[in-house]
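*Asks:* Residues per chain are reported as follows:
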Amino acid sequence: MKHTISLIVRNQFGVLARIAGLFSGRGYNINSLCVAETQDPDCSAMTIVTSGDDKIIEQISKQLNKLIDVLKVVDFREKEYVERELALLKVNTTAQTRAEIMQIANIFRAKVVDINPKSLTIEATGSETKILAMIEMLKSFGIKELARSGRVAMARN
Amino acid sequence: MARTGADVVIEALQREGVDLIFGYPGGAILDVFDRLYLAGDAFRFVLTRHEQGATHMADGYARVTGRPGVVVVTSGPGATNTVTGIATAYMDSVPMVVITGQVPSSMIGNDAFQEADVTGITRPITKHNYLVKDVDDLPGVLKEAFYVAASGRPGPVLVDIPKDIQKKACTTPYPASISMPTYRPTYEGNLNQIRKAADAIKASARPLIYAGGGVIISNAADELRAFIRKTHIPITTTLMGLGAYPDNEPESLKVLGMHGTKYANYAIQNCDLLIAVGARFDDRVTGKTSEFAPKATVIHIDIDPSSISKNVLAHVPVVGDVKDVLKKLTDLVQPPDISAWTAQVAEWKRKYPLAENGGDGKGIPAQQVMRAIDRISAGEAIVATDVGQHQMWAMQYITCTRPRSFISSGGLGTMGFGLPAAIGAQLALPDRTVFCVSGDGGFQMNAQELTTAAINNVPVVAVIFNNAYLGMVRQWQELFYDGHYSMACLNRDINCPATCTNRKGSTGSKSTCPPYRPDFVKLAEAHGCFAQRVTKTDEVEPALRNAVKVAHEKKQPAVIECITAREDNVFPMVPAGKSLDEMVDSLV
Numbered sequence: 815m816k817h818t819i820s821l822i823v824r825n826q827f828g829v830l831a832r833i834a835g836l837f838s839g840r841g842y843n844i845n846s847l848c849v850a851e852t853q854d855p856d857c858s859a860m861t862i863v864t865s866g867d868d869k870i871i872e873q874i875s876k877q878l879n880k881l882i883d884v885l886k887v888v889d890f891r892e893k894e895y896v897e898r899e900l901a902l903l904k905v906n907t908t909a910q911t912r913a914e915i916m917q918i919a920n921i922f923r924a925k926v927v928d929i930n931p932k933s934l935t936i937e938a939t940g941s942e943t944k945i946l947a948m949i950e951m952l953k954s955f956g957i958k959e960l961a962r963s964g965r966v967a968m969a970r971n
Numbered sequence: 003m004a005r006t007g008a009d010v011v012i013e014a015l016q017r018e019g020v021d022l023i024f025g026y027p028g029g030a031i032l033d034v035f036d037r038l039y040l041a042g043d044a045f046r047f048v049l050t051r052h053e054q055g056a057t058h059m060a061d062g063y064a065r066v067t068g069r070p071g072v073v074v075v076t077s078g079p080g081a082t083n084t085v086t087g088i089a090t091a092y093m094d095s096v097p098m099v100v101i102t103g104q105v106p107s108s109m110i111g112n113d114a115f116q117e118a119d120v121t122g123i124t125r126p127i128t129k130h131n132y133l134v135k136d137v138d139d140l141p142g143v144l145k146e147a148f149y150v151a152a153s154g155r156p157g158p159v160l161v162d163i164p165k166d167i168q169k170k171a172c173t174t175p176y177p178a179s180i181s182m183p184t185y186r187p188t189y190e191g192n193l194n195q196i197r198k199a200a201d202a203i204k205a206s207a208r209p210l211i212y213a214g215g216g217v218i219i220s221n222a223a224d225e226l227r228a229f230i231r232k233t234h235i236p237i238t239t240t241l242m243g244l245g246a247y248p249d250n251e252p253e254s255l256k257v258l259g260m261h262g263t264k265y266a267n268y269a270i271q272n273c274d275l276l277i278a279v280g281a282r283f284d285d286r287v288t289g290k291t292s293e294f295a296p297k298a299t300v301i302h303i304d305i306d307p308s309s310i311s312k313n314v315l316a317h318v319p320v321v322g323d324v325k326d327v328l329k330k331l332t333d334l335v336q337p338p339d340i341s342a343w344t345a346q347v348a349e350w351k352r353k354y355p356l357a358e359n360g361g362d363g364k365g366i367p368a369q370q371v372m373r374a375i376d377r378i379s380a381g382e383a384i385v386a387t388d389v390g391q392h393q394m395w396a397m398q399y400i401t402c403t404r405p406r407s408f409i410s411s412g413g414l415g416t417m418g419f420g421l422p423a424a425i426g427a428q429l430a431l432p433d434r435t436v437f438c439v440s441g442d443g444g445f446q447m448n449a450q451e452l453t454t455a456a457i458n459n460v461p462v463v464a465v466i467f468n469n470a471y472l473g474m475v476r477q478w479q480e481l482f483y484d485g486h487y488s489m490a491c492l493n494r495d496i497n498c499p500a501t502c503t504n505r506k507g508s509t510g511s512k513s514t515c516p517p518y519r520p521d522f523v524k525l526a527e528a529h530g531c532f533a534q535r536v537t538k539t540d541e542v543e544p545a546l547r548n549a550v551k552v553a554h555e556k557k558q559p560a561v562i563e564c565i566t567a568r569e570d571n572v573f574p575m576v577p578a579g580k581s582l583d584e585m586v587d588s589l590v
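Protein sequence lines correspond, in order, to chains U and H.
Sequential numbering of the first sequence, starting at 815, is according to my numbering.
Sequential numbering of the second sequence, starting at 3, is according to my numbering.
Check the hints yourself; a few may be wrong.
To be verified - Cross-link-like lysine to aspartate or glutamate pairs, in silico, EDC-like; alpha carbons within 16 angstroms at most:
1) Lys-329/H x Asp-224/H
2) Lys-232/H x Glu-253/H
3) Lys-312/H x Asp-928/U
4) Lys-953/U x Glu-914/U
5) Lys-506/H x Glu-480/H
6) Lys-876/U x Asp-306/H
7) Lys-312/H x Asp-867/U
8) Lys-506/H x Asp-521/H
9) Lys-170/H x Asp-33/H
10) Lys-325/H x Glu-190/H
11) Lys-198/H x Asp-333/H
12) Lys-232/H x Asp-201/H
13) Lys-816/U x Asp-867/U
14) Lys-312/H x Glu-872/U
15) Lys-880/U x Asp-306/H
Calculated from the structure, these hints are not laboratory results.
Could you put together the complete structure from these sequences and hints?
*Replies:* What follows is the structure, encoded as structure tokens:
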């Protein structure tokens, strides 16, 4: 079972290493991890997608809360939340397929951010389902390169 | 002259009330050592012979005083030598502050001389650690380090200080107070939860207290005693909880778990209410967790929320400081009617005492040496153990009546801990008698610290249980690996026959066992200690009494080497993966 956890952490040297080390040291899985500064330069917001049963997720939350650098842990199991990720895809193109690829990108409200005779690069943001659906549609053309940011999440009020 | 980073370190140590520092100098920490030199007798610095010895000494100091042990070492190998000691303290929640020198900031990451990524290496085994990149952060970092080490659930904290930071001028003052929004341990137990616990106790028929190291860390022995006086509930402790309640009181069931008493384990398996106080349901205690305390509702009182329901589900969790929670609980609780249970437990205690004798008919039984130490101590001595069979026999046969008197590496089980920990404890409390009990294997791991003890006039009495085996390893090999003593014999040399003829049940003729090496008496004397070898059981107590006398009169460490039974086993035993019901008493 995949779970999303968001944390507010002290923006200090070693914090990311400590959190990643906590997961690897205790055998917890990191499916994706996304972190950056917030409006308060002393704090960063981190979104982690992990997997495990309820007992494991509870231990993960407790262990994260224990860390000196962690200010807040939000476990999204019991909350409604907004989740988004960013994906950049480089898709193979020929003169014949380029238009169709751009049509598909439009359907997903994605943007073309780079182009050359052999390929074009698409930028897409959205929920994981949307991103995966778009990747599925573009697979048959040949995806040369794919970079995904991982999930960013925020609770709904 | 400006106030440098090194000056700030000294200032921090003074402001935090540090009196004793353990450590070893080196290039990257010379500036701090220079300030220590100039500070004269403001501190007592104990120069060890290995940085691992320094960490275990600081650990022993912290366990007997409750104050953070302080270690100052250099970069690279100096720091990496502290890893085992830091991990030992981490596993047993011991407050410790380790200050390490580091190469200059501009050289970090450049594979410089004596450089090591110390914060990276110690991240998983410290409660927290810091690399100081700006000298003006240093006062705050040190204040925070001491606070974090000693508060909440204590633990080791490391502060890595690059050499240039030690030399730079610092303009920020040492903070008068501290406030950490990201770190707020819960000390006060939730009153509703405590009420639930009190209700559960009143309704119980077969309650049992399971007390761990947390009671001692919390200094809650008085509160625990008051609770037991009011409720008369029987109590069993972990290895780490020994001394939380006097062993020789009728409610005490001694220790539970893998090598605990039979009556404690029967009580656990049959109780209907388990009151866990400052304990973490470690696997040495629970055996097969799914079959641990199968009939019990569990109350779990602990300051660390992550320990609650980690291994065993807590029906009534209470997060808080044991001292605070026990006081409130005692006020609220009404004594349950448990006379049938008390009688049952007393019957188990009478019917299944620990073995009277031990040994193999040849060497001195280790159990008898422990009994002799127990008689000499009369509840007053501090006993620091190493790790192995002797540790289990000390746990079983030495009566503990007060907290902070049984010092043992429980969580990490570090061989080589006993001697330096005893030295640290003795330096902390010079007026107490301090015994180190150690196997011959573990003793060799930090024997170099005998010189530290001799030079510092530390009158510890080290008792070496010499059976020329890694006893606990050999026991497991005998029980579970068809008796394949793989690398368990510490005396096996190239002249030994392929099949040892010195083993029990061996059909070989004369014993071809070579003389034991090292000669511990010569070794101890070489380090400047009084030493004596004992080979007969009735010589043990007089030799130990004499050793205590000589040590304190001559202000010198004493080493008594006892030639013990070679192949004795610790019983009862709960084999790995079995439930506490499945204790074995012997090999058949």
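*Asks:* State for each hint whether it applies.
*Replies:* To see whether the hints hold, each was checked on the structure:
Distance hint between Lys-329/H and Asp-224/H is fulfilled; the C-alpha atoms sit about 9 angstroms from each other, no more than 16 angstroms. Our distance criterion of 16 angstroms between C-alpha atoms is met by Lys-232/H and Glu-253/H, whose separation comes to about 12 angstroms. Only pairs whose Cα atoms come within 16 angstroms are accepted, and Lys-312/H paired with Asp-928/U is rejected, the gap being roughly 51 angstroms. Between Lys-953/U and Glu-914/U the CA atoms are separated by roughly 13 angstroms; this keeps the pair inside 16 angstroms, and the hint holds.
In summary, the hint linking Lys-506/H to Glu-480/H is supported, as the alpha carbons are separated by about 11 angstroms, within the 16 angstroms threshold. A threshold of 16 angstroms between alpha carbons decides the hint, and for Lys-876/U with Asp-306/H the separation of about 9 angstroms falls inside it, so the pair holds. Between Lys-312/H and Asp-867/U the alpha-carbon distance is near 13 angstroms, which keeps this suggested pair within the 16 angstroms criterion. Annotation: proposed proximity of Lys-506/H to Asp-521/H is violated, straight-line Cα distance about 24 angstroms (limit 16 angstroms).
Between Lys-170/H and Asp-33/H the alpha-carbon distance is near 11 angstroms, which keeps this suggested pair within the 16 angstroms criterion. For the suggested pair Lys-325/H and Glu-190/H, the alpha carbons sit about 9 angstroms apart, so the restraint of at most 16 angstroms is met. Between Lys-198/H and Asp-333/H, the direct Cα distance comes to roughly 13 angstroms. Compliance with the 16 angstroms bound is thereby established for this hinted pair. The hinted pair formed by Lys-232/H and Asp-201/H meets the criterion: a straight-line CA distance of about 15 angstroms does not exceed 16 angstroms.
For the proposed pair Lys-816/U and Asp-867/U, the alpha carbon gap of about 9 angstroms is at most 16 angstroms, so the pair holds. Pair hint Lys-312/H plus Glu-872/U holds up; C-alpha atoms about 9 angstroms apart against a cutoff of 16 angstroms. Of the supplied pair hints, the one linking Lys-880/U and Asp-306/H holds, its CA atoms being roughly 8 angstroms apart against a limit of 16 angstroms.
Violation of the numbered hints given earlier is confined to hints 3 and 8; the remaining hints are satisfied by the structure.
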